[in-house]
Amino acid sequence: MRNKLTSLQDAIALVSNDAVVALGGNTLHRAPIAAVHELIRQHKHGLNIVKTAGAYDVDILCGAGVASAVSAGFIGYENVFGMAQLYRSAVEQGRVRANEHACYSVIAGLRAATQGVPFMPVNAFALSDVPLAQGYRKVADPYSDEEVYAMPAIKPDVAIIHVHEADADGNGRIYGSLFEDVLMVTAAKRVILTAEKIVDGATFEAQPELTSISGFMVDHVVHAPRGAHPCSCHGIYDVDLAFLSDFSAHTQSPKQFEEWLSQHVSSAKC
Amino acid sequence: MVTSDVLIPIVMARLLRNGESVFHGVASPLPMVAILLAKKLHAPDLVYLNITGSTDPVPAHLPRSTVDPALFAHTRSRVTLTDLFDLSARGKLDTAFLSGVQIDEHGNINMSLIPGDGGDVHRPKVRLPGGAGSAAIMPTAKRTILWRTKHDARTFVERVTFRTTGGNVDRVVTPLCVLKRVNGALEVETIHPDVDSEQVRAQTGWYVDVDERTPRTPEPSDEELRALREVDPDDVRLIEF
Chain A
483 MRNKLTSLQD AIALVSNDAV VALGGNTLHR APIAAVHELI RQHKHGLNIV KTAGAYDVDI
543 LCGAGVASAV SAGFIGYENV FGMAQLYRSA VEQGRVRANE HACYSVIAGL RAATQGVPFM
603 PVNAFALSDV PLAQGYRKVA DPYSDEEVYA MPAIKPDVAI IHVHEADADG NGRIYGSLFE
663 DVLMVTAAKR VILTAEKIVD GATFEAQPEL TSISGFMVDH VVHAPRGAHP CSCHGIYDVD
723 LAFLSDFSAH TQSPKQFEEW LSQHVSSAKC
Chain B
26 MVTSDVLIPI VMARLLRNGE SVFHGVASPL PMVAILLAKK LHAPDLVYLN ITGSTDPVPA
86 HLPRSTVDPA LFAHTRSRVT LTDLFDLSAR GKLDTAFLSG VQIDEHGNIN MSLIPGDGGD
146 VHRPKVRLPG GAGSAAIMPT AKRTILWRTK HDARTFVERV TFRTTGGNVD RVVTPLCVLK
206 RVNGALEVET IHPDVDSEQV RAQTGWYVDV DERTPRTPEP SDEELRALRE VDPDDVRLIE
266 F
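Heads up: the protein sequence lines correspond to chains A and B, in order.
Mapping of the first sequence onto this note's numbering: residues 483 to 752, in sequence order.
Mapping of the second sequence onto this note's numbering: residues 26 to 266, in sequence order.
No lab work stands behind these hints: they were computed from the structure.
Each hint should be verified, as a subset may be incorrect.
Claimed, not checked - Label-pair restraints from in silico Cβ distances: (1) A:Gly-528 / B:Arg-148: 33 to 39 Å; (2) B:Asp-221 / A:Ser-749: 55 to 61 Å; (3) B:Gly-144 / A:Met-699: 39 to 45 Å.
By construction, the Cβ of each residue, glycine as well, lies at the ideal position given by its N, Cα and C atoms.
Required output: the full structure, derived from the provided sequences and hints.
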């Protein structure tokens, strides 16, 4: 297969403004933060971010003006740092549209894209105001006339997934939790892997079943050690609470946030 | 006097049954502690499920984020989030722990938003984190146990301003009492020790039928207190208070 190794800058340069971008990981864990920071450095705008449950990744993209819509079930720092202030104020001020989902409805939309169908029935929202607010509609079962919610396909232009190991062909290994990352790979038009380690693909041959992501579905591979920081990467590093605490303290005013961005993101080498 | 951070997880653990499957999602330190506590006390065969995709993890330390890799320790298999939602959707999840910024008389929760001018949901007055999986889980899990570490009339409202979801709510555990859903409405089942029934009435946004004859939540036993110290020696659950 062709060598898909590229620099972070070149991989992210291919993400167009207004793209639908799926981010792997869940809340504070294995989110592709090196790529998120590069999206900010390249001044992308108008992105619709797809995620089941997001935290720092979605929050900072909203604060930096990169995201204009967020399609997700949950955005917050769990109990660790409370609300995602940048996301929250961006939605309240109308700069970001919150496309509210149950996490399962994001999954249903990604499944529809994965299977090449326009929508996917989902057993959710039976007792919810979310469908009316978001325009989610029902379809009738043609065999029984029973009605079920139909989630429109979510077809990300790009999925960005941070993995533990990848080879130059794009075969990727994730240790620990998988979350919805493989589904994002199959649903997306283009896939970027960022990897803690680039390894010789021959080493995967002994146990190929541990390779969750097949290289033929991947377009670009980027070597990004600590590429999930300040989120955790299973077995390698934990959530960086001190970093996030400092970040959180700088999200209270736009000026402080600008200063924080220029110090930690804009000038940072990747 | 027993404090809420001790009583709430013990009461939540008592509600769990041996052999059933129990799930908690993001931002759920108290359910994490309660499940581990129940497994230690009376439900060793309870199947513990969470977002990391582990089953029956044995964490070396309790994490503050309940999606942390610490909750993947000693699992013997890995499932995805899709597998967990599918389990609930086909009616095979026994019990889920969920919560709400607002909880109403019928057990509906709001985790989504406080509407803006004229009921605008797209320019909300307050954007909340979102219900995570609750709009899928709460109507399909066999039962849901809600918990909150705050019990006041702003949280326990007559009617939620936006319904993230309703569903199969069984019990609600609060710092003041345990509520049980009977015929679609939440009633006070027991009042915690040292809590005045008048306080429960005053701090609940709908009329609750309580008086001095309302049953009391049993005090924690020495065994329960000891097990709680063993499960959560660093008091990680305090971040919810």
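Cross-check of the supplied hints:
1. A:Gly-528 / B:Arg-148: 33 to 39 Å: Violated, since Gly-528 (chain A) and Arg-148 (chain B) (Cβ atoms, about 19 Å apart) do not stay within the stated range.
2. B:Asp-221 / A:Ser-749: 55 to 61 Å: holds, 58 Å
3. B:Gly-144 / A:Met-699: 39 to 45 Å: The hinted range 39 to 45 Å holds for Gly-144 (chain B) and Met-699 (chain A), with Cβ atoms some 44 Å apart.
Against the hints set out earlier in the document, a violation occurs for number 1 only.
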